[in-house]
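Read off the chains here:
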Amino acid sequence: MTTTLLAIGTRKGLWLATSEDRRSWSLSQPHFLMTEVPSIGIDTRGGRTRLMVGVRSEHFGPTVAHSDDLGATWTEPDHGSIRFPADTGAAVERIWQLQPDSVDRPGVVWAGCEPISVWRSDDGGEHFELCRGLWDHPHRSEWGAGYGGPAAHTVVPGPDATVHVAMSTGGVYRTRDGGASWEPRNSGIATPFMPGPPPEFGQCVHKIARDAVVPTRLYAQNHHGVYRSEDDGDSWTSIAEGLPSDFGFVMLAHPHSAGTIWVVPLVADGERIPPGGQLAMHRSDDAGASWRRLDDGLPAQEFNAVLRDAAAVDAGDPVGVYVGTRGGEVYASADEGETFTQVAGHLPDVLCVRAAVLP
Amino acid sequence: MTVRVLLPRLLSECTGGRTSVALDLPAPVTVCALLDALAAEHPVFDRRVRDETGALRRHVNVYVDGEEIRRLSGLQTPVPAGAEVMVIQSVAGG
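Protein chains in written order, with this note's numbering: chain A, 1 to 359; chain B, 1 to 94.
Possibly wrong hints are sitting among the right ones.
As the list claims (entries may be wrong) - Partner residues are not named here, just some residues of chain A that face chain B (Cβ under 8 Å, in silico): (1) R45; (2) F60; (3) T75; (4) G80; (5) D234.
Stated by the list, open to error - In silico SDA-like pairs for lysine to any residue, Cα to Cα no more than 25 Å straight-line: (6) K12(A) - P26(B); (7) K12(A) - A161(A); (8) K12(A) - V44(B).
Hints are computed from structural coordinates only; laboratory data are not their basis. Predicted model only: the values in this text are computed from it and were never measured. The beta carbon of each residue, even a glycine, is placed where N, CA and C say it ideally should be.
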């Protein structure tokens, strides 16, 4: 019997749900009540489970806490996990992403933060060091702020020393030397929100994901535009045909199979609701060449958006798919999105979900 | 000199459960020096009220004998002997 953990980060706290079959769920009492939880990392490498959360109080600021006992107790270093060095004159506003690296790099965890910055931990997420190469990047003064704030919201570690970062607004950047140097990688991605031809950087990327089998294949959901890259981000081509809209925030890639991805379309930047007021995920099994609507078990009426990290997959077989709305509803699928059951309802706005089959 | 500091109940888990402390500090005392003294004993409390640049968080207010320090000299506001200093969250929130 395996247990699956689903962590739900909301505007006002963290809830943990567990299930043996991913259809019937047991929901915890809230953790970190009255603080937003915009980022969660579940690290199951090495046969242990570490939960990491980026929490933020409107009054008392952000911090990173971790738990090695499934939330029974939480720990944070006295002087904080993520602190800008004094010479930067900067202060962390929000931790947007906590991303464990691969099993080949145990202990390595990446963080993406606001203001736009990427951090690396070598001790399992207890202490992070600022990636100076991106912080000192000459493009910095030209990066903008999305509605949620200027943030490196997605960090996607890859093979060797490759890491892709997505920032709003700035677009996709890639390092091939572990973070020492970074190059924009947005060729082919349109910028319909600004005049003129698409620039080298400045795109408003909402989420990127890497194909689990073909690591040089990436997928991106942009602020209008859904794309695939076959060359590690060097160039992007549209895969939006067949979707009801090219707007949305979510991009999920299958953890085992090549070419399977999920998105959650919203109507448009000026109408951020599911098309027709009906929540649906769309899955492609051919890297975006075609799409199929999945809505069995999702509500017939839903006028709330799904935020960029409010959807996730686990690594089960078949893969579990999870989605939460700004209306506080959370749904789980034990069959790769074919059918969903409700995990929780009437929670605060769901900011992020992460799930893992526990070792 | 002795200064009495009232701490927000919301942060009591960072202050060993205490919601007020009496600090003995060498004069002259500023709000910054007072927070530094608190930080030595309660570093997590300090991170909650000041960011890593040392700035008071936007939605945290500090009063010295009833006067909000942003209307005075900020963290350099002098704290007289026998003063009561209140650290409290602002009315921000949703």
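For each hint, the structure was consulted:
1. R45: violated, 28 Å
2. F60: holds, 4 Å
3. T75: Since the shortest Cβ distance to chain B is 11 Å, the answer is violated.
4. G80: holds, 5 Å
5. D234: violated, 37 Å
6. K12(A) - P26(B): violated, 41 Å
7. K12(A) - A161(A): With a Cα-Cα distance of about 36 Å, the restraint between K12(A) and A161(A) is violated, given a limit of 25 Å.
8. K12(A) - V44(B): holds, 20 Å
Violated hints, in rising order: 1, 3, 5, 6, 7; the structure is consistent with all others.
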